[in-house]
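J.: These protein sequence lines are chains A and B, in that order. Quick note: the first sequence uses this note's numbering, first residue 1, plus one each step. Quick note: the second sequence uses this note's numbering, first residue 1, plus one each step.
Calculated from the structure, these hints are not laboratory results. It is possible that some hints are incorrect.
[What the hints assert, rightly or not] From the derived model, a few chain A residues whose C-beta atoms are all more than 12 angstroms from chain B:
no. : residue
1   : K11
2   : V42
3   : C46
4   : E80
5   : P101
6   : N115
7   : E128
[Claimed, not checked] Using 30 angstroms as the maximum straight-line C-alpha spacing, the simulated DSSO-like pairs for lysine-lysine come out as follows:
no. : chain 1 : residue 1 : chain 2 : residue 2
8   : B       : K44       : A       : K11
9   : B       : K51       : A       : K25
10  : A       : K25       : B       : K133
11  : A       : K11       : B       : K32
12  : A       : K51       : B       : K11
13  : A       : K48       : B       : K11
14  : A       : K7        : B       : K32
15  : A       : K11       : A       : K48
16  : B       : K44       : A       : K25
17  : A       : K25       : B       : K7
18  : B       : K133      : A       : K54
19  : B       : K83       : B       : K54
20  : B       : K44       : A       : K44
21  : B       : K11       : B       : K25
Ideal Cβ placement from N, Cα and C applies to all residues, glycine included.
2 protein chains.
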Amino acid sequence: MANPILKTDLKIINAEEGSVFHFIKNTDVGFKNFGEVYFSNVEKDCIKAWKMHKEMTLNLVVPVGRVLFHFIDGRKDSEEFNKLHSVVLSQDPYFRLTVPPMFWFGFKGLADGLNLISNQADLVHDPEEVDRKPIDAFDVNWNMNL
Amino acid sequence: MANPILKTDLKIINAEEGSVFHFIKNTDVGFKNFGEVYFSNVEKDCIKAWKMHKEMTLNLVVPVGRVLFHFIDGRKDSEEFNKLHSVVLSQDPYFRLTVPPMFWFGFKGLADGLNLISNQADLVHDPEEVDRKPIDAFDVNWNMNL
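With the rest of the complex left out, here is chain A:
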């Protein structure tokens, strides 16, 4: 079964004065619609969990630092209901994750200094569209090495 969380390798164009990091174009696989783009920082060893978007598709990159993500398939009609997907996002390797609606997710900062996530979402933020659970709602390994 194809992974429902799409991974797309992204280019970094290096130059002496500073690099350029691709994120997402309207022609990319994984692009659905433009609702909003925003940034989240997560401090080292801090965990933000759990949220689920009932309608939003996420496009996630980490242009600064390293972040461990856990995703849990919350699609009740899926053969993979409750399946865990764990991924570290960073610049090396640098890639984008496209996360469909109905996945629970949580994340932890791994690097000293900034751990900057950017999300390009197909919808504008709407609190009605988000479900939340406390951090201990799912038993996952926050100390895994990937």
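Please arrange chain B on chain A, whose structure you already have, making use of the hints.
T.: This is chain B only, laid out in the frame that chain A set:
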């Protein structure tokens, strides 16, 4: 005359585990269309200049570091042809600049470490749409304190 470069104050939502930084929504003033979003880093004391987009509208933020931007009005039919606009983008104050087509721009990294620019553009990158000039094409003050 209204400043052709629109400045929009943006929210930072602080939390102990890490902050959230708004960037742009499809309902925002300044939003035109979604072509692409990408990041550029510029090293401290390094200058990237000059480029002009003939068709692209830029939406610029600096979520990490501090960057001095110079913009020169290149609209030949404008009363403000050749007028210089100089702005420092950072997180404090945190705001977005919307830059119409036909402005020459260059920028310089001011902070130690990362100076990360993000651009939400209404068009996908197209080299045919970009004009370039060497750094000495315009005589501006790269050491100004804003």
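J.: Work down the list of hints and note, for each, if the structure agrees.
T.: Checked hints:
| no. | hint | result |
| --- | --- | --- |
| 1 | K11 | violated (9 angstroms) |
| 2 | V42 | violated (4 angstroms) |
| 3 | C46 | violated (4 angstroms) |
| 4 | E80 | holds (29 angstroms) |
| 5 | P101 | holds (18 angstroms) |
| 6 | N115 | violated (7 angstroms) |
| 7 | E128 | holds (16 angstroms) |
| 8 | B:K44 - A:K11 | holds (23 angstroms) |
| 9 | B:K51 - A:K25 | holds (20 angstroms) |
| 10 | A:K25 - B:K133 | holds (26 angstroms) |
| 11 | A:K11 - B:K32 | holds (25 angstroms) |
| 12 | A:K51 - B:K11 | holds (21 angstroms) |
| 13 | A:K48 - B:K11 | holds (20 angstroms) |
| 14 | A:K7 - B:K32 | holds (28 angstroms) |
| 15 | A:K11 - A:K48 | holds (28 angstroms) |
| 16 | B:K44 - A:K25 | holds (28 angstroms) |
| 17 | A:K25 - B:K7 | holds (24 angstroms) |
| 18 | B:K133 - A:K54 | violated (48 angstroms) |
| 19 | B:K83 - B:K54 | holds (17 angstroms) |
| 20 | B:K44 - A:K44 | holds (25 angstroms) |
| 21 | B:K11 - B:K25 | holds (12 angstroms) |
Hint check: violations occur at hints 1, 2, 3, 6 and 18; the rest are consistent with the structure.
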